[in-house]
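A.B. asks: Next come the chains, spelled out residue by residue.
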Amino acid sequence: MNVEELRVHRELEKEKVFKDDFVHVKVVVENTGKNSFDFLEIRDYYNPELFRLVLGENFISTRIGPKGLIKFSYVLEPKVRGEYPLGPLSITVKDRLGFNSEERIVPDSVSDILVYPPYEDIKKIEILGSKRSLQLNYGLQRSKQKGLGSEFYGMRKYVFGDQFRLIDWKASARTQQLIVKEYESERDITVMIVIDSSNSMAGGAIENTKFEYAIRAGMLLTKVALTRRDSVGVFTFSDKKNMQFLKPGKGEDHFYQVLDFVAKIKPEGKNRIVEGMDYFIRRFQKRSLIFYISDLESPIKEIGQGIRKLVPFNHSIIIINPFSPWFEIHEIDLSTTDKALAEAISEEMMEHILKVKQDIRNLGINIVTVGPDDMMTQVLGTYMEAKKKGKAF
Amino acid sequence: MVRYYLKILKIINALIFVWLILVFLSIFDFNEVLFTSDGEFALFSFIDSIKNIFTFIIFAGAYIIAIGCAFIATTVFLPFINRDFMFSFIDGFFKNFLNLWFTFPDGTTPDLNQIPDLILNEISIFFGDFYLILFQLLFVISIIYAIRTFLKTNPKHDLIAVGALVLMIIVPLIFSGFNELLDLFHVSIEYLEDLPNPLDPSLNSIPIDNFFLFLASPVILLAIISYLYIELAFQINYTETVTRPSLERSDRLEIQLEILKSESHYITANVEKIKEEAKSRMEELEIGEKTTISKFFAKTSEKFSYIKEMIEKRKLEEEEKKLVTAASKTRRLGRYVERLYREDIEAQDTLTARSSAPRAQSLALSTFLNILIRLVVLIIISFIIIHPKWFLEDVFNLPPAITESVVMFSPEIILLLLLPIMLIFPIVSKIVSFIKHRNLIIRLQQEGRIKEILTSVGDYVKKEDIKEKEAKEEVKAEEAVT
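Going down the list, the protein sequences come from chains A and B.
Position in the first sequence (first residue = 1) + 7 = our numbering.
Position in the second sequence (first residue = 1) + 877 = our numbering.
Don't read these hints as lab results, they were simulated from the structure.
C-beta atoms are modelled at their ideal positions from N, C-alpha and C, and glycine is treated no differently.
Mixed in with the good hints there might be a few duds.
[As the list claims (entries may be wrong)] Just a sample of chain B residues kept apart from chain A, beta carbon distances all over 10 Å, derived:
1) L892
2) I904
3) A939
4) F979
5) P1084
6) V1214
7) A1224
8) L1228
9) V1309
[Said to hold, decoys possible] The list that follows gives simulated cross-link-like pairs (lysine-lysine, DSBU-like), each with its CA atoms no further than 30 Å apart:
10) K78(A) x K884(B)
11) K86(A) x K1206(B)
12) K273(A) x K972(B)
13) K86(A) x K1198(B)
14) K1138(B) x K78(A)
15) K21(A) x K33(A)
16) K884(B) x K130(A)
17) K131(A) x K884(B)
18) K33(A) x K1138(B)
19) K33(A) x K1150(B)
20) K1150(B) x K131(A)
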């Protein structure tokens, strides 16, 4: 039994996948030798905390003849956003009677999979966007003020309710159906999404932490803002070691850059907002609409200092504050003591946030405290309102 | 196809077992162990001997207790009771009245002093019968395990089936050998010499000069068939072990995919229905509006327990979420699989691993070749071991003074070849294992990253090992600092 004669490799359908998507993993085993392997066991390891096996099996027991080829596959569902290894592959070869066996780990058989945040929220918005003609539009399409703008945006089919003066008669005659012209009147702005990546954001159930919600909200905001032709940049920070900056950009490609960027970030370190903002203003000064997503669990003084560092640059700042107790209660069966404790903590947290609000109220900064149920709608709503008010133009 | 192949193999093995039994019965006289020397059925005689032993024990026990009581009573009440009268009364009572409750072997009630001899006699009958019944039991065990292994593959059962038959040959040989050993010291145990020997006398004379006669002799034939049976049993086990996972996986996955295909089409309606139901329940319980952040922060008109509301909401959501998640996942997976099949034409085969199941033809060929090679090697080695003369003359070129000596005809000479041949396999195996292990360690050292990766995967390396390693490293670091 010469295991070296076996060639085993893994074929991934895709190396980048959304959290709520699936990935097809194929394992190919080839016997390059002239002898058969009477008993062969191939196992492709994956971390069950990070992936869920939804179809097929990640191992096989079989035999392989000389110059034979075997393929088996399985489907995994990523559980958590991030960049994770898949593998290694292990081969166990036994003789017919199982007296002698040899196990080998296939060298270089670890593949990395980048798991993006779930696409679910964006999909919902896209579906709503596609129902625009039914007046169910919610944000994804550019909310143009038709007729007021002067910049030509595009053409589309006429739908009931469109103004007649927008009909392009030439195009309508050519296509034998009513076509209207669309104009845009908005100015593009730069949206900076600043996310607190300190370890306090990792509280709660592993798949639904404040940080995961923050990433989802950031992704949704990016998608909507990019669709509206705004530039979007991302900055995540906790302490000195954990500061990541993605400069603002536009277009569909940039959306995937943002996805790649946020997929790799893990919540770790303490929140050093002052140092974080120092770094941010060194990298970026242009006037912009800043969404700062944080649980605000730092001392009030530090938060004030950090935010004040942004003020001289004339940014429009919106603080999205995931209210910690609402995210961190994931156990249903709480005892009376636990309930009382939870009530006390939430009261205390509320007092803290009110004090932060008090501290920065003269800066004209809005703090939007959100829970897991309304975070996405609040973030989008705030963005839409900011755009309507012409902030950060 | 593989399933049929497996069934055919099992039928062949069952036929081999029948052949084995026939050959076995040709050298084993079953009548010898079925009946006692008195012509009584051994099982009945065995039961009788047990019954007689207990009869004597109980009778003697009662007798001794009665005598003991009489002795105590006459000692205490000496002036009033005559001791001789009491003893003769008890003797008369036991022999004339109580004996009616017992059935003694020869119909007469024994005296108390005769009973130990009678018990010993019955015990010797008991062991004699037990010896005979042992063969019957072994034969029944052999048949039962052969049937069991036919119904459910398990080489252990095959080993027991053959082992029981082999034991039926070995046991008389052991006693016969022991008797011969005792003869050397001019000692004889009558009981052992009286034990019946059910083995055919031809067993002692294996024709070793002629290879074909050697093969045709019943003992060698029995050994070869036994080996063939065991070998085929292991081949069946191998075939099942190597094919069953693939077949089961294939069946299981095909069913799963079929269900997924049918379920995912009409699950959308179910998802909407579940959501609607959950929404109406939330409205009924007036949960949802209250649990907004603004309400909580405002704390104005009505005081409400935020945690209580949250938990109520979560409970409802949890139920809904489970159903919706399961339904939506099924739907998404169904769509995904449909797309996968369109984009990757071999996906269905790889998911079910249908293509990776071993083929019946290749299995049959390899099984046949394996059995043939091993059988031929086994026969040749057996012949060499049993008949070392040719080997010693032609391979080792030993002088006639040795090869023609009387020692050559002694059984001990067999050990001369048997031991090296027996030891060659484990020694070679150990050497191969050692070399492979060393090579593996060298390779793993070269691929130092593997362990780190395995650690991160967490499924392969024991966490305790890692903790221990980390603890050792910490200690080392501390020592270095101090």
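A.B. asks: Please go over all the hints and tell whether each is borne out by the structure.
C.D. replies: Hint check results:
Here L892(B) stays apart from chain A, with its beta-carbon at least about 22 Å from theirs, past the 10 Å limit. With a least CB separation of 29 Å from chain A, I904(B) remains clear of the 10 Å interface cut-off, as annotated. In this structure A939(B) is separated from chain A by more than 10 Å, as the shortest Cβ-Cβ distance comes to about 60 Å. The Cβ of F979(B) lies farther than 10 Å from every Cβ of chain A, with a closest approach of about 58 Å, so its non-interface assignment holds.
With a least CB separation of 32 Å from chain A, P1084(B) remains clear of the 10 Å interface cut-off, as annotated. Separation of V1214(B) from chain A is inadequate, the least Cβ-Cβ distance of about 7 Å not exceeding the 10 Å criterion. Distance to chain A contradicts A1224(B) as a non-interface residue, since its nearest Cβ pair spans about 7 Å, not more than 10 Å. Once the 10 Å rule is applied to beta carbons, L1228(B) is inconsistent with being away from chain A; the minimum gap is 5 Å.
At the 10 Å boundary, the C-beta of V1309(B) falls inside the reach of chain A, the nearest C-beta of that chain being 8 Å off. Proposed proximity of K78(A) and K884(B) is supported: the alpha carbons are some 27 Å apart, at most 30 Å. Between the alpha carbons of K86(A) and K1206(B) the distance comes to roughly 13 Å, so the proposed pair stays at or under 30 Å and holds. Straight-line distance between C-alpha atoms of K273(A) and K972(B) comes to about 99 Å, which puts the hinted pair past the 30 Å bound.
Annotation: proposed proximity of K86(A) to K1198(B) holds, straight-line Cα distance about 16 Å (limit 30 Å). For the hint pairing K1138(B) with K78(A), the CA-to-CA distance comes to about 23 Å; that is within 30 Å, so the pair holds. About 11 Å separates the Cα atoms of K21(A) and K33(A), which keeps this hinted pair within 30 Å; it holds. Taken as a hint, the K884(B) and K130(A) pair is broken in the structure, with Cα atoms around 54 Å apart against an allowance of 30 Å.
A C-alpha spacing of about 55 Å is found between K131(A) and K884(B), which places the hinted pair above 30 Å, so the restraint is violated. Among the hinted pairs, K33(A) with K1138(B) is consistent with the structure: their alpha-carbon atoms are about 21 Å apart, no more than 30 Å. For the given pair, K33(A) sits about 37 Å from K1150(B) by alpha-carbon distance, which is inconsistent with the 30 Å threshold. For a cut-off of 30 Å, the pair hint linking K1150(B) to K131(A) stands: about 18 Å separates their Cα positions.
Hint compliance for this structure: hints 6, 7, 8, 9, 12, 16, 17, 19 are not met, and every other hint is.
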